[in-house]
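Residue numbers (our numbering), protein chains in the order written: chain A, 1 to 474; chain B, 1 to 617.
Because the hints were derived from the structure by calculation, they are not lab data.
Treat the hints with caution; some may be incorrect.
[Claimed, not checked] A few chain A residues that face chain B, going by a derived Cβ cut-off under 10 Å, partial list only:
| hint | residue |
| --- | --- |
| 1 | Ser-110 |
| 2 | Phe-384 |
| 3 | Ser-418 |
| 4 | Ile-428 |
| 5 | Leu-434 |
| 6 | Gly-449 |
All of these numbers come straight from a predicted model, not from anything done at the bench.
All residues carry an ideal CB built from backbone N, CA and C; glycine is no exception.
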Amino acid sequence: MERRSKLLSNLDWTTVFIYILLVLMGWLNIYAAVYSDEHSSIFDFSQRYGKQLIWIGFAFLLAIIVLFSDARIYSGFAYVFYILIILALFATLMFGKVVNASKSWIQVGSFAIQPAEFAKIATILALAKVMGRYNFKLNSFKSYVVAGFIAFFPALIILMQNDMGSALVFGSLIIVFFREGLPGWLLAFFAFLVMLFIFTLVFSTSAIMVTLLLLAGIVFVVIGGKLKAYARLLGIVLGVGVVLYFGSQIFSWKIPFNYIFIIPILVGIVAALIKAIASRSRIVFYSALFLLVSVGLSLSTDYVFEHVLDVHHQKRINDLLGIESDPLGWGYNVNQSKIAIGSGGFLGKGYLQGTQTKFNFVPEQSTDFIFCTVGEEWGFIGSFVVILLFAILLLRLLKIAERQRETFSRIYGYGVVSIMFFHVAINIGMTIGLVPVIGIPLPFFSYGGSSLWSFTLMVFILLKLDSDRYGALG
Amino acid sequence: MSLKLQTDRHFVVSGIVVLVLLTIVIKLFYIQVIDSRYKFSAQNNVLRYVTQYPVRGLIYDRNGKLLVSNKVVYDLLVVKRLVKSFDTTEFANLLDISTDQVREAFTSLKKQRGYSSRKAMVLLKQLPVDVCNRFREQLFRYPGFELQPRTVRKYERHIAAHMLGYVGEVDENTINNNSYYQLGDYIGISGLEKTYEKELRGKKGVNIYMVDVHNRIKGPYENGKFDSVAVEGKNLETTIDADLQEYGEKLMVNKIGSIVAIDPKTGEVLAMVTSPSYDPSLLVGRERAQNFMQLQTDSLKPIFNRSIMALYPPGSTFKVVNALIGLQEGIVHPYTQYSCAGGYTVGRGVGCHIHRSPINLTEAIEMSCNTYFCHVFRNIIDNPEYGSVEEGLNVWRKHVESFGYGHKLGIDLPNELGGIVPSTSFYDKYFRKGGWSSLTIISLAIGQGELSATPLQMANLVSTIANRGYYLTPHIVKSIGDSLSIDEKFSQMHRTTIDSVWYNYVIEGMDMAVNCEPGGGGTARIAALPNIRICGKTGTSQNPHGKDHSVFFAFAPKDDPKIAISVYVENAGFGATWAAPIASLMIEKYLTDSISRPYLENYILQANLLNRRGKTK
C-alpha cells in the first residue's frame with residue numbers, strides 16, 4: 001500500500017492529464033475523418049475509429065502495467081530490449097510486408113506491427129544506458145562513435161526498409177547529444193548548413209553569396225573583429241565586383257553573372273586568410289574558413305540534389321520550396337492538405353462538418369494527415385489548442401527530465417522529448433507545407449496501434465522513472 | 001559540464017521547441033485566417049457544378065411552319081480513375097463505333113483542357129438516343145461512365161442552310177472573352193443562329209452538388225439554395241416563306257447563284273436562296289466536322305452565302321438607277337429621245353443590240369438600250385453645273401448610295417458585304433488625278449465596270465423602286481419570343497434622293513419590258529404572267545469568270561407591290577434566258593401559290609448550268 005500511494009502521489013498528473021486529453025482528441029478526429037452517414041455507431045469495429053478504441057484501451061492498459069512495473073527493469077534490460085528490437089528490425093527487413101513501398105510492417109496473427117515505432121523506445125533506453133554510465137563523457141572521438149552507433153544504427157536498418165520518415169526521426173537525438181555536451185557551435189553549424197542547403201535550392205547562388213557576405217560581416221564584427229578591417233575587406237570585394245561587372249559590360253568579357261558575385265567573394269576570402277595567417281588572428285581565420293565551406297556547399301548543392309536524392313524526394317522538396325508545382329500529381333497530398341486546413345478558417349467548420357476530409361480529398365487523412373481534420377473542423381483556434389497542448393507536454397517532459405537525479409533517466413527523458421518533438425513538428429509542418437512530406441505519424445492523433453502504444457510506453461516509462469526518482473536512491 | 005551550462009542547454013532546447021511550434025502556429029494563422037485562397041479551392045474541390053443546358057429556341061417561318069427544332073443526344077462522360085478494365089470490342093459494339101474510335105477517344109481524353117482523372121470528362125460526343133438507351137442498360141457494368149443529355153438542332157425542312165446557320169462548340173477564344181461560355185457549350189456560329197445567339201440560347205442553369213474525392217454525389221449543396229433553373233431559349237418567328245424558299249432552292253438546283261425576295265412594304269425577306277446549297281442537318285451530330293470539311297473543300301463553295309456575300313456587277317438592271325438620277329438632275333426628260341444605231345460610238349464605244357430608233361426614256365428601259373444610257377450617264381457626269389467631272393461623279397455617287405449601294409444594308413445576318421460604288425479618289429488612284437473623264441468610266445452607264453452589289457442589295461433596289469423611293473432595311477426575324485418588337489432600325493424608312501414622281505417613268509419602262517406587245521421590243525417578255533402585272537428589268541452582267549451572269553429583278557403586282565425579287569444565275573448568259581423565268585415563277589408561286597406554266601418550270605428545273613465557268617459566250 002505504501003508503495004502504491006507513493007506512486008500515486010509522485011506521479012506527474014499534469015502529464016497524465018494532457019496525455020489523456022490528446023488521446024481523446026485524437027480519437028474524436030479519427031472519428032471525424034472516417035465518419036460517414038452509413039457508419040455512425042462509435043462501436044463499429046469494422047471502422048477505424050472502432051478499432052482505434054481498442055488500441056486506446058490497450059494503450060491505457062500498457063500505461064498501467066508500466067506504472068506498476070519495477071522501474072529498474074528499464075535501465076537493467078536496456079541492452080536486451082535494444083538487441084531484441086535490432087533483431088526484430090532485421091526480421092522485418094527479411095519477412096516484412098510491403099506497405100506504401102516500404103517494408104516496415106510485420107504480421108503477427110491478424111495484427112500488423114511496425115517495429116520501427118518500438119525501436120525508438122529501445123534506442124533511447126540503450127542510449128541513456130550508454131551515456132548514463134559513470135564517467136561517460138562526450139568529449140572523445142570514441143565516446144561519439146559509441147553513442148552515435150547506438151543512436152543511429154537502428155535508423156540505418158529502417159532506412160534499408162525504405163522508411164525514410166522513421167529513420168529521420170532518429171536524427172532528432174542530436175538534441176540529446178547537445179544536452180549531454182555536444183558543442184553548441186557544432187549544432188548551430190549543422191543547422192546552418194541545412195538552412196544553407198535549402199536556401200540554395202530556392203534562391204539564386206548570387207543572392208546567397210551576398211547574404212553570406214553580410215552574415216560573415218556581422219559574425220566577424222560581433223565576435224570581435226574590427227569594423228574598419230571588415231569595411232576594408234568589403235571594399236576589396238566590392239571593388240573586384242565592380243571591375244568585373246563593368247568589365248563584362250564594356251569589354252564584353254564572357255563572365256557568367258553568378259561569377260561576378262562569386263569571384264570577388266573568393267578574392268575577399270583569400271585576402272582574409274592571408275591577413276589572418278599574417279596577423280595570427282584565429283577569429284578571422286575561422287570566419288574565412290567558415291565562409292569557404294559555405295560557398296563550397298552552396299555551389300555543390302545542385303550536384304547533391306540532382307545526384308544523391310531520389311526523384312520523389314527531389315519533387316517533394318521542390319514542391320515545398322515552390323520551385324515546381326504539380327498540384328494534381330505529386331504535390332497533390334500537400335495541396336489538398338493545405339486546402340483542408342486553410343478552409344477551416346479561424347473558428348473551423350464545426351465537428352463532423354469538414355467537407356475536404358469527410359469526402360476523402362486528403363489522402364492518409366486518419367494517419368499521417370490527421371491534422372487536416374483538426375485544422376478544417378476546429379479551425380485556427382482548435383489547431384492552436386492542439387499545438388499548445390503539445391508544447392505544454394514537451395516542456396513538461398523536459399522539466400521532468402531535468403529534475404531526474406540519475407543521468408540515465410535524464411537522458412531517456414531528453415530522448416522522449418526529442419522524438420516526440422520531431423514527430424509533432426515534422427508531421428504538422430508537412431500538413432501545412434512547411435517541411436517536405438515525410439510519412440511519420442502525429443503522436444496520439446494518428447490512427448494506428450503501433451504509434452499510439454510506442455508513444456504511450458515512451459511517456460509512461462518516463463513517468464515511472466520520474467515517480468521513482470527518490471526511490472532509486474533508497 | 002558546469003551546472004550553468006546545463007541550465008542553459010535546458011533553456012536552449014525549450015527555446016527551440018517553443019520557436020519551432022510558434023513558427024507552425026504563425027504559418028497556420030496565415031493559411032487559415034489571412035490567406036483566403038484555400039477556402040475557394042476547398043469549394044472547388046467539394047462542389048460539383050452540374051450545368052443544366054437550356055433548350056435552344058425554335059425557329060419558325062412567316063406562316064408558323066417549324067423550320068428548326070431540337071433533338072436529344074447524349075455525351076458520354078467518364079471519370080477516368082473509376083474505370084475498370086473492360087472489353088473494348090464489346091464496348092465499341094454497344095456504342096456502335098469502332099474499337100479504334102474507342103482507343104482514340106481515350107487517348108485524346110487526356111489532352112483535353114483541364115483534364116483530371118477525378119473529374120467527369122467528355123469521352124464521346126452526341127451519341128444518338130437509341131444507342132444510348134442500349135448502353136444505359138449496360139451502364140452498371142462500366143463504372144465511371146455516365147450519360148449527359150444535350151440537345152442539338154433538328155431541321156424539319158432541309159432548306160435555308162445559309163440563312164439559318166449552324167451551331168457548334170465554342171472555341172477557346174470565345175470562352176476567354178465571354179464568361180458565359182464554358183468548354184463544351186454550344187454557340188451559334190453562322191446565320192441566324194449567330195445573330196440571335198443571345199435570344200436563342202436561353203440561360204444555363206446549374207445544380208450544385210457536394211461530391212467526395214471519387215466524384216460521387218453526396219447530396220445537394222445547402223439544399224439547393226444556390227441552384228438555378230435553366231431558362232429555355234426564345235423562339236424566333238422569321239419572315240421567310242418556307243414554301244417559297246423551298247421552291248426557290250428547287251429552281252436553283254444545278255445552277256450557281258442567288259434569289260432574294262423581299263416584301264417591299266416591310267423589308268421582310270421572303271426567301272433567300274443561295275445555290276449550291278447543302279442540307280443544314282449535315283452540320284449536326286458526330287459527322288459534323290467531316291461534313292464541314294467536305295463542304296468547305298467543294299469547288300462550288302456551297303458554304304459561301306452568295307445572297308449577302310457575292311459581289312456581282314448589276315449589269316443593265318442598273319440602267320433604272322441612272323435613269324432616275326438623270327431625271328432628278330434634270331439632264332434628261334421622260335420624252336428626251338436619242339437615236340441608236342447599234343451602239344454608242346464615242347471613245348472606245350459601247351455596243352447595243354438592234355431595236356427601233358430613236359426612243360425615249362421609258363422605251364430605253366423597256367429595250368435596255370445601251371446607247372441611251374451612255375448619253376444619260378455622260379450628261380450627268382459632265383453636267384456643267386457641277387464644274388468638273390469629279391464633282392459630277394460625286395453627285396452621281398451620292399444618289400447611288402441612297403439606294404443602299406456601297407454599304408452594308410444591315411440585315412440581321414452576319415458577314416454581309418456592302419458592295420462597291422467607285423469614288424473619285426478611287427479613279428484618281430486607278431488612273432491619275434485628272435486622268436479620267438466620263439468617257440473613261442462609261443461602263444458605269446450600263447452597270448458594269450467598278451460597280452458591284454450583292455443580290456440582297458439588288459432585291460432591295462427593286463424593292464425601293466416598287467415603293468417609289470424608299471426602302472426598309474431587309475430583315476429575317478419578325479418577332480422574338482413573346483415580344484412583337486424587333487430592332488427599331490428595321491422599321492426606319494430610308495428615302496432615296498430621287499423625287500417619287502420620277503419613279504413612274506422608270507416603272508413604266510420596267511412594265512413594258514415584261515408586258516409589251518409581241519414585237520414591241522421588251523427584253524423580259526418571257527417573265528410575263530397573264531393576271532399579274534410584273535415590272536422587271538433584265539441584266540447581263542459581264543464578269544471575269546467566264547460567261548455573263550444572267551440577272552433579272554422585278555416586282556409585282558405593279559400597282560400594289562407585294563414582292564420584290566432579284567435573281568442571279570452565274571455564267572448563264574442573257575438575263576432573259578434564265579433569271580427572268582426563275583423570278584417569274586417565284587412571283588407566281590408567292591402570289592398565287594400555284595404554277596400555271598409547267599413548261600416554263602420544267603425548262604428551269606431541267607437546266608444544268610454548272611461547269612460553265614471559264615467558257616466564254
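Going through the hints against the structure:
no.	hint	verdict
1	Ser-110	28 Å, violated
2	Phe-384	6 Å, holds
3	Ser-418	9 Å, holds
4	Ile-428	5 Å, holds
5	Leu-434	6 Å, holds
6	Gly-449	26 Å, violated
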